[in-house]
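S.K.: Residue strings, one per chain:
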Amino acid sequence: MARKSFRQAVNEAISQEMARDPRVIVMGEDIAGGMGAPGEDDAWGGPLGVTKGLMPQFGRERVLDTPITESGFIGAAAGAALTGLRPIADLMFVDFMGVCFDQIFNQAAKFKYMFGGKARTPLVIRTMYGAGFRAASQHSQCLYPLFTHVPGLKVVIPSSPYEAKGLMIAAIRDDDPVIFFEHKMLYDVEDEVPDEPYTLPFGEANLTREGEDLTIVALGRMVTLANEAADRLGGQGISCTVIDPRTTSPLDIETILEEVRATGRLVVVDEASPRCNMATDISAQVAERAFEALRAPIRMVSPPHTPVPFSPALEDLYVPDVEKIIQAARTAMAAGGRKAA
Amino acid sequence: MQLSREDLLRAYRSMCTIRQFEERVHAEFATGDIPGFVHLYAGEEASAVGVCMNLGARDSIASTHRGHGHCIAKGCDVAGMMAEIYGRKSGLCAGKGGSMHIADLDLGMLGANGIVGGGAPLACGAALTAKTLKTGAVAVAFGGDGASNQGTTAEAMNLASVWRLPVVFVLEDNGYAESTASAWSIGGDPLVRAEGFGIPGVRVDGHDFFAVHDAARDAIARARDGGGPSFLHLKLARYFGHFEGDGMTYRAADEVAKLRAERDCLTLFRRRVEEARLLDPAALDAVEAEVAALIEDATRGAKAAPMPAPADLLTDVYVSY
Ligand SMILES: Cc1ncc(C[n+]2csc(CCOP(=O)(O)OP(=O)(O)O)c2C)c(N)n1
Ligand SMILES: [Mg+2]
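Chains as they are written, first to last, in this note's numbering: chain A, 1 to 341; chain B, 1001 to 1321.
Hints in this document: simulated from the structure, not taken from any laboratory. Be careful, since some hints might not be right.
Claimed, not checked - Think about it this way: if two alpha-carbon atoms lie no more than 35 Å apart in a straight line, the pair counts; the simulated DSBU-like pairs of lysine-lysine are:
#1 K52/A to K1258/B
#2 K1303/B to K324/A
#3 K52/A to K110/A
#4 K1258/B to K1089/B
#5 K1134/B to K1235/B
#6 K52/A to K1134/B
#7 K324/A to K1258/B
Stated by the list, open to error - Quick partial rundown of chain B residues pointing at chain A, CB under 8 Å, derived from the structure:
#8 F1029
#9 F1037
#10 G1114
#11 A1183
#12 G1188
Beta carbons are placed, not taken as given, at the ideal position from N, Cα and C, and that holds for glycine.
Given the sequences, and given the hints that come with them, work out the whole structure.
M.R.: Encoded structure:
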């Protein structure tokens, strides 16, 4: 199997689906680039080069650069999805959802239900999220909890190149609107990725580590950190299960409950702002449905409730790291009673 | 042109400060010391300075992601700006904002903006404050050709028109939004768009400080006199990439070199004032040297300044957890 970056994995998934299905189109700002300019066509392939090469392969009719009008083109993608295309629209940074959210949460998300089940909206919105890039308050947020909150949307948060390819292909083939979150710090991460197309299921969590003492749930980029924390804790005699839910909507709460029942202890790692994020949501569901299995209070590892700061000195403190996960795991292990035999 | 010798020197100093600041940030960014996204304004100085020369401290401007020039033209402290770009505690926003969010509310600089099209409604708000409190102040919304296509820009212009706000919309059309040509992305003519909202507009050579200055002077005077909003479409160019690190392959190979040689706003300014014998070359050279020292100090100071302290992470937000 070939090693590919997260960037290549996403690109390959889109390219293979475009080749398979002529209804799949891609649109976004500088998604190819060089539109109307005297120099190179396909000059950008998106600001971080993820869609580079698609335009030469499929032409400008299927790889559409847009003016800077998110409300317009994301809405147009929703309308196109409703009428027979399968658009992949690029909301460059998820922070820009503020400009176009109506078209997503009042329009695309609700068609199927509001129209009595008659509508299909096979729309994928790709978007970059996450801190660590020194990109400051308006280019570093996670915001996936806001999308998870909206019934009718599916929310995908791949944690690795392998996951990204399989989940992207599944997203494109899905008949509901899917928001596909790409962490900007993951693009250069490499992994074994099969050349042929494959899908990974929505709503089915992936166990990246299996252990007995503690369950860690982590999302997106945090999965790597949770794995590292689990490995280090393993060396210290604490054996951890790490769950990557893959999608927050649908959320595979059953697997999480099962693992919590097995270990009795839970740490949830979520890079999103701490109020009403995935950590609070998962914790609440566990508290409601598996309270009796908990041997210690649930620990949540999230950033402080502040905008993402610019200064590297502050941003490095802001983002959850391996140390903080280990600390939370130790606290969870120290509290509460021993596991019944 | 009725600018005094002092005004001309002030204009040249401000434009030189922007140019040298941006050239320095460009050089320092290449060393890897400056974090994050940085969008440079070099080449567009005549716009920021030509407009802001007509404003006072009580007047407001809303800026863009390419905001360093607007900041300097509105009087922001250059050392504080450089420190901000380096993420230092002594930065104008205490290191929390960075290049894309420099602001100085005391000077009416309402902030650079990471959201394209984010500024125009804010400028309307500042104009509403001025109108409601009868302060006599005006607001200017700077925005790019890319921003001119955002719904927020259209909504702000209509609002300004129906509320007759003392606001001037300045479209800095530098030919590109990222790699996309404005000749492609703007459907129709921006002047006709403005006219559609009932807003008078003019197209101006944005390389020509004097043309910008005079057009802005008229628009700002109209706003101050209760005449409502105006629109300026400035045609200009940026010298560096969209952001630092952009290879600019979408531009013609000789495009920037030609612009620098033939249409540079600083060169044009110098030629004009020297030919008209308004300022002598020695005075202009002295300004350049003075600015060079200022930028050197600002850069050294920024590099030596301490980073924010850990506790700063949790301040300036209404609630901490
Ligand atoms: C709402 C939103 N969409 C997209 C972007 C990404 N972006 C940043 S600058 C830019 C181009 C802006 O072009 P223009 O308005 O012409 O300003 P210029 O960069 O030329 O000064 C884009 C697309 C953004 N920051 N905000
Ligand atoms: Mg532009």
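S.K.: All hints are to be evaluated individually against the structure, with a verdict given for each.
M.R.: Evaluation of the provided hints:
1. Distance hint between K52/A and K1258/B is fulfilled; the C-alpha atoms sit about 29 Å from each other, no more than 35 Å.
2. Between K1303/B and K324/A the CA atoms are separated by roughly 30 Å; this keeps the pair inside 35 Å, and the hint holds.
3. Proximity of K52/A to K110/A is assessed by CA-CA distance (about 32 Å); at most 35 Å being required, the pair is judged to hold.
4. A C-alpha spacing of about 40 Å is found between K1258/B and K1089/B, which places the hinted pair above 35 Å, so the restraint is violated.
5. At roughly 33 Å between alpha-carbon atoms, K1134/B and K1235/B fall within 35 Å of each other, so this suggested pair holds.
6. In summary, the hint linking K52/A to K1134/B is not supported, as the alpha carbons are separated by about 53 Å, beyond the 35 Å threshold.
7. Taking the CA atoms of K324/A and K1258/B, the gap is about 54 Å. The hint is violated against a cut of 35 Å.
8. At about 12 Å, the closest approach between the beta carbon of F1029/B and any beta carbon in chain A exceeds 8 Å, and the interface hint on this residue is violated.
9. Satisfaction of the interface hint for F1037/B is found here, the shortest Cβ-Cβ separation to chain A being roughly 6 Å, below the 8 Å cut-off.
10. Against a cut-off of 8 Å between C-beta atoms, the interface hint on G1114/B holds, since the closest Cβ of chain A lies about 3 Å away.
11. Below 8 Å, beta-carbon pairs count as interface contacts, and A1183/B has one with chain A at about 5 Å; its hint therefore holds.
12. Residue-level restraint check for G1188/B is violated (minimum Cβ-Cβ distance to chain A is 12 Å; threshold 8 Å).
When the structure is compared with the earlier hints, violations turn up for hints 4, 6, 7, 8 and 12 and for no others.
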